[in-house]
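Chains as they are written, first to last, in this note's numbering: chain A, 1 to 278; chain B, 1 to 429.
No lab work stands behind these hints, which were simulated from the structure alone. Just to be clear, a hint being listed does not mean it is correct.
What the hints assert, rightly or not - List of simulated lysine-lysine pairs, PhoX-like, C-alpha gap at most 25 Å: (1) A:42 x B:150; (2) B:213 x A:42; (3) A:42 x B:253; (4) A:46 x B:150; (5) A:46 x B:107; (6) A:42 x B:175.
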Amino acid sequence: MQNVRTVPTFNIEPSTRWPSIGLRELWDYRELLYFLIWRDIKVRYKQTVLGAIWVIIQPLFIMLVFSLFFGRLAGVPSDGVPYPVFTFCALLPWQLFAHALTESSNSLVGNQNLITKVYFPRLVVPISAVLGGVVDFAIAFVILLLMMVFYGIVPGWQILAVPALVLLAVMAALGVGLWLSALNVQYRDVRYTINFLVQVWLFATPVAYPSSIVPEKWRVLYGLNPMVGVVDGFRWALLGKPESPGLPLLISVIVVLMLLVGGLYYFRRLEQQFADIV
Amino acid sequence: MSNLAIRCEGLSKRYRIGAAHERYKALRDVISDAATAPFRRLRASRNGHGNSNGHHPPASQLAIDHNHIWALDDVSFEVDAGDVVGIVGRNGAGKSTLLRILSRITKPTRGRARVYGRVGSLLEVGTGFHPELTGRENVFLNGAILGMRKTEIARKFDEIVAFAEVEKFIDTPVKRYSTGMYMRLAFAVAAHMETEVLIVDEVLGVGDALFQKKCFQRMNEIGQHGRTILFVSHNMSALRNICKQAVVIDHGKLVAQGEANRTIDQYLANVGDEPQDEIVETPTFTVTSVDIRSENSPVIKTFDPVRISVKFIPKTPIPDPCLFVSILTLESRRLASLDTRDFSVTAPIQANEVCELGFTIESLPLLSGPYQLEVYLKNFRDQLELVPHSYQFEIAETQVYGGRKLDHWFGKVGLRAQAWGSSITDERV
């Protein structure tokens with residue numbers, strides 16, 4: 001180009017097999033990300049009578065059910081911690097993950113009116129869906145702190161690890177959500193599998209029981225579920241049990257990174273056809 | 001020389017036929033597909049698809065493939081910065097596909113384009129508006145979706161609200177807005193984008209006449225500020241007013257490009273030639289063509305005698321066929337209607353026979369502009385069935401009263417009139 005221009009130029013070309021992730025462009029659209037999160041939260045609470053109280057009722061109710069059936073009736077051990085706190089502490093990251101996973105998987109199909117009419121980096125859609133759950137998490141987290149006060153549990157310095165663990169849970173949900181949201185655009189029966197997947201995943205994660213009851217020889221395989229590391233990490237950070245999150249957490253980080261990077265590339269590759277098939 | 005704003009080279013876009021019905025597959029289909037894939041690949045390579053040495057045969061040669069359609073076929077053109085370019089063509093000609101590619105919503109199958117500057121696209125008014133949110137909230141949300149910065153929206157907020165004339169309701173959820181208010185606000189946001197290139201699809205066909213005028217004025221303003229606009233519309237007089245250049249697209253190909261008035265004339269001359277023979281189904285009828293023509297066809301002029309004819313095949317015998325036709329503005333305002341029941345036309349009609357019903361009109365008193373026909377056919381249960389398709393036609397701009405050409409300021413209806421005058425000298429008045 002002989003003439004120097006100050007305006008940005010865009011090249012429009014056919015689909016490529018290995019598109020870049022486009023993080024820079026994603027950063028340019030951070031305000032849209034913020035507005036979409038804001039919209040989802042605002043609309044969610046505008047249309048319900050109880051509003052934000054739902055965020056607390058749901059995990060509290062599940063905690064009661066788990067405490068009654070697993071803690072009291074089935075006598076599931078809880079590493080010496082009162083069972084309600086033990087399970088609530090795991091329910092929070094679990095619900096963050098499950099919610100983020102479900103929302104992001106359905107996000108592209110749910111926002112198809114945007115996708116077919118305006119250009120923006122499509123990654124904004126599942127990312128905003130995932131981050132929307134963090135606000136719910138923050139509200140429920142206050143309840144957990146109150147419960148810990150009630151049971152007289154004082155967390156140690158490990159509590160500082162909570163933000164990193166939240167990030168890990170979000171990244172895990174995004175990693176899986178990217179794959180599923182892109183697949184969901186192409187194959188609409190994916191959505192029916194998501195609820196099922198989340199239910200099975202709940203029992204493969206130490207929410208209602210401690211990971212210590214899993215036999216030693218299965219631990220590594222069990223740890224491939226990234227939420228094992230996250231949930232154990234939470235219990236370690238807040239309740240001090242298990243003693244250290246150690247190996248599962250390390251495996252979890254590796255699995256999450258693999259899911260995320262793979263998901264990003266898969267998403268970017270399929271993204272080029274979204275507007276045509278959504 | 002002036003700078004380039006857009007350059008397209010051989011843009012082509014292929015879609016699967018029937019995509020509308022089976023746009024997405026079920027996972028189980030994929031599994032069964034996978035089993036037959038090797039055979040299909042074999043067949044495809046025989047059809048010339050296996051061509052992988054980088055040199056592609058022209059898209060038209062591949063049109064032998066009956067499973068696909070080229071919505072856009074080897075389109076190349078350039079737009080200078082600051083030009084306002086109208087894109088015309090019939091429904092399904094590929095205009096929207098072109099806009100979608102240039103807006104980066106979808107990728108071309110072949111070819112490339114380069115756009116110099118940020119692109120704002122308005123393919124639909126109110127994309128992303130959420131009914132539960134207030135006007136104020138929607139302005140910010142919609143602005144962000146269109147690619148505006150928060151500070152930019154905040155700076156223009158008052159201007160946007162004033163343009164939309166919704167000051168009083170800005171903190172009311174938009175679900176309580178009237179359609180007019182909703183459209184005004186939605187257009188206002190988009191109209192205040194500050195991108196170098198603006199892409200506008202047929203979105204101004206909505207709303208009342210006053211609002212349309214305002215929108216066109218705004219588009220004119222934007223154009224005069226040296227920004228590049230690509231504008232699709234069926235409203236030829238609006239295109240003539242706003243655009244300097246025009247591009248004609250037909251069957252996915254660029255067939256003409258040049259100065260707006262001349263190009264549009266040429267387009268209208270060609271388009272009027274063919275009946276709009278798209279096959280449309282109603283519960284009882286298959287409508288094969290709806291046509292309006294005059295002795296001047298392809299061009300229809302004010303006060304021309306015209307003939308409207310509708311060809312259809314009934315799926316059951318109809319003892320007493322009946323046709324109801326209305327002439328509407330593009331905003332669906334009914335201007336006139338005709339019903340065969342008011343005339344004594346009777347011919348019982350057998351099933352699966354091609355039939356034709358119609359009207360001749362001695363003189364069509366419509367002024368220049370786009371119009372549409374709305375067609376109803378009566379079934380054996382005496383119910384009118386709407387033919388779900390808008391048949392558009394255009395009245396050419398002519399010198400109705402012998403003098404200058406009349407534009408939309410003169411309204412829609414031409415009057416057969418004479419002017420007269422005399423000096424009044426009689427004092428008794």
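Do the hints match the structure? See the list:
Simply put, residue 42 (chain A) and residue 150 (chain B) have alpha-carbon atoms about 18 Å apart, close enough for the 25 Å limit, and the pair holds. Only pairs whose Cα atoms come within 25 Å are accepted, and residue 213 (chain B) paired with residue 42 (chain A) is rejected, the gap being roughly 35 Å. A hinted pair counts as satisfied when its Cα atoms are at most 25 Å apart, and residue 42 (chain A) with residue 253 (chain B) does not qualify at roughly 46 Å. Of the supplied pair hints, the one linking residue 46 (chain A) and residue 150 (chain B) holds, its CA atoms being roughly 23 Å apart against a limit of 25 Å.
Proximity of residue 46 (chain A) to residue 107 (chain B) is assessed by CA-CA distance (about 37 Å); at most 25 Å being required, the pair is judged violated. Between residue 42 (chain A) and residue 175 (chain B), the direct Cα distance comes to roughly 15 Å. Compliance with the 25 Å bound is thereby established for this hinted pair.
In this structure, the hints that do not hold are numbers 2, 3, 5, in rising order.
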